[in-house]
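Chemist: In the order they appear, the protein sequences are chains E and H.
Going by the numbering used here, the letters in the first sequence line up with residues 1422 to 1522, in that order.
Going by the numbering used here, the letters in the second sequence line up with residues 108 to 671, in that order.
One thing to keep in mind: the hints can contain errors.
[To be verified] Here are the simulated DSSO-like cross-link-like pairs (lysine-lysine), alpha carbons at most 30 Å apart as the crow flies: (1) H:Lys449 <-> E:Lys1470; (2) H:Lys349 <-> E:Lys1470; (3) H:Lys513 <-> H:Lys638; (4) H:Lys456 <-> H:Lys545; (5) E:Lys1470 <-> H:Lys611; (6) E:Lys1470 <-> H:Lys360.
[To be verified] Residues of chain E placed beyond 10 Å of chain H at every Cβ, according to the derived structure: (7) Gln1425; (8) Pro1434; (9) Thr1454.
Just so you know, these hints were derived from the structure itself, not from any lab.
Backbone N, C-alpha and C fix where the C-beta goes; we use that ideal spot for every residue, glycine too.
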Amino acid sequence: MSNQQLERITHNPKYRRLVRSRTLIGGILSAITLAIYLGFIGLIAYNPKFLGTPIDGEVTTIGIPIGILVIVSAFLLTGVYVFIANTTYDRLIREIKADAQ
Amino acid sequence: MSAALRVLAAVAVALAPTLCFADALTEQTEKEPVNYLAIGMFVLFVILTLGITKWASKRTTSTAQFYAAGGGITGFQNGLAIAGDYMSAASFLGISGLVYKSGYDGLIYSVGFLVGWPIVTFLIAEPLRNLGRFTFADVASFRFQQAPIRILAACGTLVTVAFYLIAQMIGAGQLIKLIFGLDYAIAVATVGVLMILYVSFGGMVATTWVQIIKACLLLAGASFMAFAVLQHFGFSTEAMFKEAVFNHPSGVKIMAPGNLISDPISAISLGLGLMFGTAGLPHILMRFFTVADAKAARKSVFYATGFIGYFYILTFIIGFGAITLVATDGEFLDPALLAAGKNVIEATKGGTNMTAIDLAKAVGGDVFFGFISAVAFATILAVVSGLTLAGASAISHDLYATVFKKGAALERDEIMVSKIATVVLGAIAIGLGIVAEKLNVAFAVGLAFAVAASCNFPVLVTSIFWRNMTTRGAVIGGFLGLLVAVGGVVFSPGIWVDVFGYPKGSAPFPYANPALFSMTIAFLGIWIGSKLDRSKRAAIDRAGFEAQFVRSQTGVGAESAVCH
C-alpha cells in the first residue's frame, strides 16, 4: 500500500463510515456478550439458589433454560455481526478499494 | 520423502493390530478386555487420514501450504475444522462426565468454553486474517520491532501448547487404556507417532482434513446419542431431569450450581479465563490464515460457533441421560466399589470420564460403542495435531525464520526446521506423557487458557486497536501477564495443595484461577509501558498504526490466497 493510496483511503468518507460503524457494532455486541456472560457468572457466584428455582412445580429449574439461552445468544450475536458485515461492510470495502485505485 | 512416509505409514498400520496382543503381556486387573471392534474402526480412521496425509505431503512444499494450506480452505470447511480443533476429548468426555457427576455444574463449563467465540468474531477474526500470514505473532508484531515481540509470542504459544498438549496426552493414554485395553505407554506413543506423521508430512493441509473428518464423526456420534436419550424419555426433557434427580445420589441438587465454584472471585476469574483464553489459543488463531480472505474468516467463526454450541448442548443431554441409563445399569458399575459403600456415580467403572463411552454402549450396543471409542481416539489425535502444528510454527516461523534468520530464511529450510520441531515436540510430549502418568493434570487445561488469556490475547487485541502501543509496552505487559498467570496457577490450591501436597489452606494464591488478575496486570503493563515509552522505536511503532489499521479494516495489501 503506497502512502498516496493510504491517504486516499483514510480521507474517503466511506472508510470513515466503515470504521465508525464497525467499531460501534463490534463494541456494542462485545459489551452485550460480556454482560450476558458476566450476568450468568454473577448469578452462579452470588445467587445460585435462584438458578435452582423449579419452573411451575416441575423438576426442571430456571437455570437450565437460562444456561441454554446464554449458549444460543452467543451464536445469535455472532450471526447478527456476520449478517451486518456481509450486507454492509463487504460492499463498503469493495467501494473503498475501487476508489483507492 | 513419500517413500519414507509410506514406510512409516505401513509401520503405523501394521503396529495397530499387534498392539492388541500387548494386552496379554501385561497383568493389570483394572484394564478392560481388548476391544477389537473399536480398534478396527480406529485403524480405518488411521488408514484414511494417513492416505490424506500422503496426498497432502505432495502439496506441502511451500511455507504457505505447510502453515496455512495455501489459504484454500472454504469458510464452511474451516468452521468445521475450528470446531474439530476446539471440541477436544476433554470437552466431550470431561463435560459429559462432569454433568453425570454433578449435573448443572457441567453447563457452567460449556457456557464458558463457548462465549469466547463471539469475541473472536467481533474483534479478532477479520483483522487477524487481513494482517497476518501464518501465526498470530505476524499480527502482534506487525508494526513493532520484530525480535522481542516474536520471542514473547513464541513463549506464549509454547507455554499454552505445552500444557494443553500434556493434558491431552495423559488423558489419551488413560482413556485408550480403558477403552481399547492397550498399555498406557503404547497408547501415548501411538498418539504421538501418528501426530508427528500428520503434521510433519501433511502440514496444515492434512491437519485441517483430520480436523474436519473428526468433527463430522464426533458431531454425528454425539447427535445420535442425544437423540437416543431423548427418545428414551419420549422427547421430554422434564422426564429426563425427573428420572435423573430420582436416580442420582445428590438428588435435586444436580439441578442447580453446586460445589464446583467455591467463591465469587474464582468464578469470575475462571469465567474471564475461559472467555478470553479462547481468543488467544494459538492453534485456533492459526486456523484463520487457512481461508482466502476476511469474509471467509468471519463466516468460519460463525459456523464454528454454531457447531460448538450445538455440541455442548448435546454433551449436557448425554450427561443427564447417562445418570438414568448408565448409573442404574449393573453392567457399568463396579461391584467391589458398591460393596465398599460408594454410590452409583462413584462406582461407575473407569470413573466419570467414561460416561459418554458407557452411554454409547447403553443406547447403541457394541458396534456403536466401538464407533464412539474410535471417535474419542480420533478426537484426541486431531487436537494434539493442531497443537503441535501451532507449536512447531512458533519455533520455525517466529523464532527461526524471523528472529534467528531475520526474515531471510530459505523456504525449504524453514519447512525443514518446522518438521524437526514437530518431531522434537512430539517426542517431548510422548516422554512427558509417560513420565507424568500418575499426575493429576486437571490444572493443565486451565493454565493453558489462563496464559492464552493473559499473554497472547492482550498483546494481540491491543496491537490491533490501540495506536499508542509500543514494542516496550507489549513486551512488559505480555511477559508480566505470562508470569503472573503461570505463578497464579502454580501457587493456587489446585497445584500447591493437590499436586505438591502442602497442607490445605496454605496456598499463597487463594483463588482457583488467576485470569482476572493476570489479564488486568497484562493490560496495565502494556498501557503504562507504552505511555512511558519515549524511545526512538516508540515513535516508529506509533507512526505505523495508521497503515496497519487501514489494512486490518479493509484488507488492502493483505496476503492473498495461493491457488491450489
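Chemist: Look at each hint and say if it fits the structure.
Modeler: Verification of the hints:
1. H:Lys449 <-> E:Lys1470: OK: H:Lys449 and E:Lys1470 at ~28 Å, within 30 Å.
2. H:Lys349 <-> E:Lys1470: holds (19 Å)
3. H:Lys513 <-> H:Lys638: holds (28 Å)
4. H:Lys456 <-> H:Lys545: With a Cα-Cα distance of about 18 Å, the restraint between H:Lys456 and H:Lys545 holds, given a limit of 30 Å.
5. E:Lys1470 <-> H:Lys611: The hint holds at about 28 Å.
6. E:Lys1470 <-> H:Lys360: holds (10 Å)
7. Gln1425: E:Gln1425 is indeed farther than 10 Å from all Cβ atoms of chain H, at 12 Å.
8. Pro1434: Holds, because the least Cβ-Cβ distance between E:Pro1434 and chain H comes to about 14 Å, which exceeds 10 Å.
9. Thr1454: At about 4 Å from chain H, E:Thr1454 fails to clear the 10 Å cut-off, so the statement is violated.
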